[in-house]
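A.B. asks: Go by the hints and put chains B, C, D and E onto chain A.
For the record, the sequence lines run as chains A, B, C, D and E.
Residue numbers are given in our numbering: position 333 of the first sequence equals residue 333, and the series is strictly consecutive.
Residue numbers are given in our numbering: position 183 of the second sequence equals residue 1183, and the series is strictly consecutive.
Residue numbers are given in our numbering: position 81 of the third sequence equals residue 2081, and the series is strictly consecutive.
Residue numbers are given in our numbering: position 391 of the fourth sequence equals residue 3391, and the series is strictly consecutive.
Residue numbers are given in our numbering: position 46 of the fifth sequence equals residue 4046, and the series is strictly consecutive.
Be aware that one or more of the hints could be misleading.
[Stated by the list, open to error] Here are some chain D residues pointing at chain B (derived, C-beta under 7 Å):
#1 L3068
#2 I3315
#3 L3417
Just so you know, these hints were derived from the structure itself, not from any lab.
Quantities reported herein were computed from a predicted structural model and do not represent experimental measurements.
Glycine is no exception: its CB is placed at the ideal position from the N, C-alpha and C atoms.
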Amino acid sequence: MSAGMEFVLLTFMGLPLLMVLLNNLLKKEIAQKICLSLGIIAGIVQMAAAVFVFASLKAAGQTEADFSQFWDLGVGASRFSVDFFSLLVLFCIGMVITAGFLTAGKTLGDKKFNFTNLAMILLLGMNGIALVTDLFSLYVFLEITGVASFVMISLNKEGDGIEGAFKYLVMSAIATVFILGGLAFLFMQSGSLQYGDVAAALSDWQYAEQPALLIAGFVLVLVGFSIKSGVMPFHGWLPDAYQSAPAAVSVILGGIVTKMAGVYALLRLTADIFVNVPVFNQILMLLAIVSIVLGAVAAITQTDFKRILAYSSISQIGYILLGASCGSAVGLIGAMLHFFNHATFKTTLFVNSAAVEIATGTTEIEKLGGLQEKMPVTGVSSILAFLSTAGIPPLAGFWSKLLIIIAAWQTGNVFIAGLALFASIFTAAYFLRLQRCVFFGPAVEGLEDTKEVTGGVCLSSLALSAITVGFGLLFPALLLFLQGQGLI
Amino acid sequence: MGAMFGNMAAFMTGGSGVNLLWLMVVLPVALAVLAVAIPRHAFAARSACFLAATLADLLLAIALFIAKEGSMLLRWTDFEINLAFRVDPFSGAVLLALGIFAVLVAIYSVAFLRRKEKYGQFYCYYLLTLAMANGAVLADNLVVLLFFWEGLMVTLFGMLLIGDRQKPATAVKALVLNGIADLLLMLGVAATAAHAGTFMMEGISQLPIEGLGVLGFVCMMAGAVGKAGAMPFHSWIPDAADAAPLPFMAILPAAFEKILGIYLLVRITFQFYQMVPGSVMSIVVMAIGAITIVLANSMALIQKDIKRLLSYSTISQVGYMILGIGTALPVGIIGGLFHLINHVMYKCCLFLTAGSVEKQTGSTDMRYISGLGKLMPVTTVCFLTAALSISGVPPFSGFFSKELVFDAALESGMIFYIAAVLGAFLTAASFLKLGHAAYFGPLRLPEGVKTEDVKEVPGAMLLPMGILALGCLIFGVFNALPLSVIQPIAGEGYDFSGWPDNWTLVAISCAVLLLAVGNHLFGYRRTGEGLKAADHIRYAPALRTVYDCAEKRYFDPYDIIMQLIKGFAWICYGIDRAINWVYDVFAVDFVSGLSSRLRLMNNGSVGRYMAWSFLGVGFIVLLCLFLV
Amino acid sequence: MTTFIIVLCLVVMVGFAISAAMLRSMLKSAVSLAAMSAALAVILYMMGAIWAALFELSVCVGLITVVFISAISLTTPDRRDEAHAADHRRRFAALPFILIALGAAIIAVLVYTGFSLPLPGEEAVAEATFNQVFWQTRQADILGQILMLLAGAFAVVVLFKEGKKI
Amino acid sequence: MEGQGLLLACIFTPLAGAFLLPIFGRIHVGLRNIMSLLFVLTAFLCSAMLLSPALSQGPVSVYWQLPLGLSIGFLADALAVFMAATSSLVASIIVFYSFGYIERYKNQNEYYLMVTLFLGAMMGLVFSTNLICIYMFWEISAICCWRLIGFYREEPVVRRANKAFMVTVGGALLMLVGFIGIYGETGTFDLLQMQGQTVANWVMVLILFGILSKSATLPLHTWLPDAGVAPSPVTSLLHAAVLVKIGVYVFARLFLVNFQLEAIWETVVPWIAAVSALVSAGAALVENDIKRIIAYSTISQLAFILLGLSTGTMIGAAGGLLYILMHSLAKGGLFLCAGIVEHSVHTKDIRQMGGLAKRLPVTAVSFLFCAFSVMGIPPFGGFFAKFMVIDSALVGGTPLLAGTYIFGAALTVVYLLRVFVKVFLGDATHTDVKEGTWEMVGSVAILGVLSLLGGIFINLPTQLTSFIVENLGRW
Amino acid sequence: MNVLSIAILTAALLLIVTGLYMLVRTYNMIRIIIAVEVAMKAITLLLAYAGWLNGQTALSQAFVVTIIVMEVVVAVVAAGLAISSFRKNGDVDIRRLNKLNG
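Excised from the complex, chain A in its bound form (with noise of 0.2 Å):
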């Protein structure tokens, strides 16, 4: 490993830390007008450093580098690490980031420093949930996360952000219930609660001394995270969550964070601990078919901007776990993809509703209209960003949707797969629906002098947009190149 490399990999540890304490070590004047720039430095250099990591790990044959942050760590330490799909998470959770501080200068007023400081430590979870080899540093920096997003959510005191943050901490607390106890279980059998071990633990778990304690201890597990993942019928939450949350906050929340500490983990569950627990994949199914189907059905009749995406993100969830519950290589790559694309399209989706929020101040759709002509750069971001969520070629929802249905077809899952992309037609139809009321529809009164939102806002939803129409354009090299990895 380089040099160069190692300082990189450093960064993604330290470079908010260190945003951290400049933020709170500056001048609160100063403080409070840089802050932001702050945490879009940080999602950009977030970004470069993937990017870079990427680069060095491919030019050197490597599929992963492990690195420790402060001090070297002895034998059977919980390390950090990188791969591929964690870059390519924590290239997401940077690029979500940068998008959410973009958002946040017209959007939080004097909340800025505050939203500064938990935003750098949201991120620093997020970044160490991706980083992790041990399900308890796992769990770790999942409370981070979750704290960091509980009172990010209730920022804004006067809203319902504390209803939607104590709900979402109450689910939250259940699931680390659920979670903990299940490693209890897990670590009763392996005697360590590192990635690889508990594998090795789980390999013939059928002929384990007390096989009962291994299931109970990836049910709970299961459980723990599907909750956390916003899994239908675990999901309660997770509108209320997202509606609540002050714009900015719901656009890394939606965007990235649920994603981060739910899916994410019960991704590298399947693909790194419960490889060879086909039971675990098939209750994930089951949860995956159940979330798509009326995650989506649900989404449609919603009256809120924010709440449609909150349930479109249950629906989009499915289909990730979908392919991950494969548990083949197409499946996983496809879930994987599938994870980068909603995270970019989902985050366009908010920054779109928090464009409209701050154009008309309202999410409520039946009291919009008309918006294209006048926010034409939301409106086709938001359109293309749906056309992305629907599964509608060539953009790059539809190809790693392709890729999910393909491995779940493969895999002998005929009926759930033909079921998980027709269900694409609800997708559909809360798309249109919102559409006719939001933007397509006829301009209704009040909302004549309405402007595109400027700035960040505007730059974030065009760089989303290029991102999802460039993605699936492109999506045929990334084939290619997958292929000459040998993975598909």
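C.D. replies: Positioned in the frame of chain A, the structure of chains B, C, D and E alone reads:
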């Protein structure tokens, strides 16, 4: 590519240089386009062009008639759908007939249409009609036949629209009825081709009427009969009499359509299919003929407008031809064809006389015109000749052809003979009425028309009428002349020229004619008016209701068909709306209902959320116990 | 002896848990929780987890109880809470029965299936001390703890610092 | 091969060019219009120029292999070139017509973008040899269709646009499930690698859902009449040039070129289409909205196309393809005429129209020509197509089917006549009516004349269709 | 038969059930936090026991210590939310937290 364009060039020039057969179609079309291209006010130039086209066509037809054979073939598409023309003695004769009538009516039209609007359109459609008719007769390929056959519909529609664009109902009626007939023909052609395995008419001969053949025969026959204007495809003709310019009536329903329809009927029954006398198909065809004769004549009897009366009479005469051909006996076929020639002549002549009356008085309604005989003597003479011919008075041509048909009908079944004789009676009665009312009796003219304005029509109009009237007489006295052309079609060794052999039948026919005269006199005595001479039949106890209904168009097949179609359409519309309901209402309600249920699940209470979660956990645990 | 003390403490824990649930007074619930923590500390001690026991005693019995009590004192002066408390017991009446039934069932199943987790022999016990393990292998957790405390601090800043209303 | 450049230009000129149009629109409106026409015309010219290599040297193709059985492949065989030329020709005329029609409305940039993109999607779909590519262009066309139908932005209009999107996308998704089913069997999405196989019945059902929804056949048809709320050039585009033809084209591509249709479907598909033909024809007789009537007519005529393509006979296949061409020309003309009428009298209810022939002579004649072509009356082009299609039913040995379609054809005559008569004949209801702009009138005249010429010089298109059919190598 | 294992597992399960029961049945935000704490006690117990079982006492102690820190912060944040809610609504009844629904 090159080959394609080469083929196109060949296509446009008719293959190997200029071909007579090809010219029969292309020349009228080209001159039609030319006639329209000439400026509107240059009436003379346009008319000259028009007349030249018909004359050229006649010359070509004569040439072909003399040549008796010839063919050409142009690759049109694969699948044997090629532009194939062939002429044989039969079609040569038909072409000649078409050409003659085309010229005669053209001369008449030029005079008739002088100073009328839209005459250019009429010329154009007329020539196009001629081209299409020629093409249909020349066609040696079923699809080509169908092409020209259906093409006639367009010109028909156009001509009917010339009359009155504000009242397009007749044009629609004609197009719909003809369209249905032609679509049936399309089906018939397809079925016949599938049955025979080829589209080339040359290669289709004496197919048995079974399997697909039944469909092919029936549908093609329907097409032929429909074009000829027999029941039930007839009802547009009387309406057209009101709407279209009169030369149209003379040329299309009276002449071309009859010629074409019967031409095709003969082709079907004796070339394509093997129709045995006494077979089911034969009886069906005869039945159509007989019914048409009786019903159409009954309607003709009560008409009060010359053109309408002539129209119904036209329909009824088709019945004779179909009846004759339907017998499948040589005498019947020859009789039918002979009757066709005669009919075309006298009916053309009758329409032309009616046109003269209309031209001079502005009306053909017998309630307003009467006693024109003194004012228009030549016209009256022409009318009388033609009327005698159509009534079957010896020695006019109609008598001889009718006798042949009677002979064949009697041989095929008494009932058909009775129908034919009844038809003869009604024909005679209606023409007695027409002649009496319009040309004799006290002078009466429509309001605003002065007696001194009503005089004989110009020579250009009299000429065709005279020729046709003369023809009626000549073809009667010298009936060997037409029959020598017709008889070979039915086969070798037939000779029906001269006076009929069966004098009993002649006697009966003459008795029937006398009966008709007696009937007319009886009616005239009762009412004192020639026009109302048939009223005792019209208002006879049982017939009265039937006639009332008929006048209210309860029996108009078009109206019945349209009612049925409308009913069908509403059913379809209902089905369509039901399907639409599934999309617009059911699907939407179902999904939003489901969605609302799911929303109720999230009622905002965190306890509820937890409860759902725990239910989920319980479910997973159960599932796990089941799966492990 | 160890077994006896642990079982005794377990019974105490369950008992206090029930009381935390069923007592109408919030304050008493909080105190019950503290008592639970204390019993847990004893158990941890008996299991050889001395540092953990210490933390449990100091943080959970001490700090958390303080947090609870201050939170309770900040939020209780409301009459409606008493009204809610009225049906409190009714809502929790089923709890002891459920627990007894469930406990009996679990014990029965475990005994019936001969469930047993043997304690390791001396040789299997890892020699590493808490210090070594904690500082040498759990660096990520330590970083996490720091971050968590930071997050807590910011949370306090955001959530508590709103003196205008009070 | 030198044709590859042409092929790529044919596809990507409209696809990529579409996105430049809003930029041109900011510079100058006229420039944008001209460029839009230019892009579409480029597609037409390129496809016309591909005709010669496709006919003489065998198909031109561009191909990149991707993993997972995916590929990016474009193949210009005679069938594809025929379809491409047909749609781009009609689309060019429609774009030309739009110059006059659309100039008074808002959102013109989007309009031209979507129209051009629409055609680009059609070009892409026509030449694609990969199921996923076909699906991709299929969906792009659905998006364009959605935006274009909702062009007027009013609530009911947008609802109908949504309906169209939902139905077609729903069908397409089912079709994609079918495609994945094929993939499950063969391990590839590449059509070139699965020549001559049969598909399982359930896959067939799923694919039919897609095709029938796009080609608006019963019972997935009701979005098409509802789509009549769009501007007339758009409906014309949907009905004539692009959208509904996609379905039948894909049917031809899959089941004439690639897969072997199982015997049962040679009965089932024509019968579904027959019911569709009758029901929609009946509905057309009852409707009073001129565009809805013509839309129902499209549904009815699509059934004829499907009949031809599905009977498994050579003449049927050739007739079906010919029908696509003739119907495109004629139906395009009908809708454009309806657009002129609608612009002139500001209503779509035929009961409130009458006697327009005097005021709109060119439109009336063009309408009549196109109507005759749709009715299948010679010498207009529709006649041959209709005859061949019906003949195929008899060749296939199903006279009852042929009879049903003849009935459908008779209904066609009746309802189109009804429209013509009510709108153009009878008593004049409007006195201040003017013909449309010269672009509009010129466009309809071109289509009317093409309908006529198509019938007279039927040898050209039929030779092409026969060439296509003969080279399928199945008869 | 091992009394200790049975007793600890049973007690842990009972504690978790108690905590969850409390969570579902109570209307008081503070009591919800207490309920979470109760359940967390059980988790702590289980983790410690797991470490004891497989001889990884040191590791399990590290876990427990970390968990305790986490627990405290979560409790503080939860209390903060409860107090904020109290300031806003005047009580800590979660039945009032139902504005977000659907």
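A.B. asks: Go through the numbered hints given earlier and state which of them the structure violates, listing their numbers in rising order.
C.D. replies: 1
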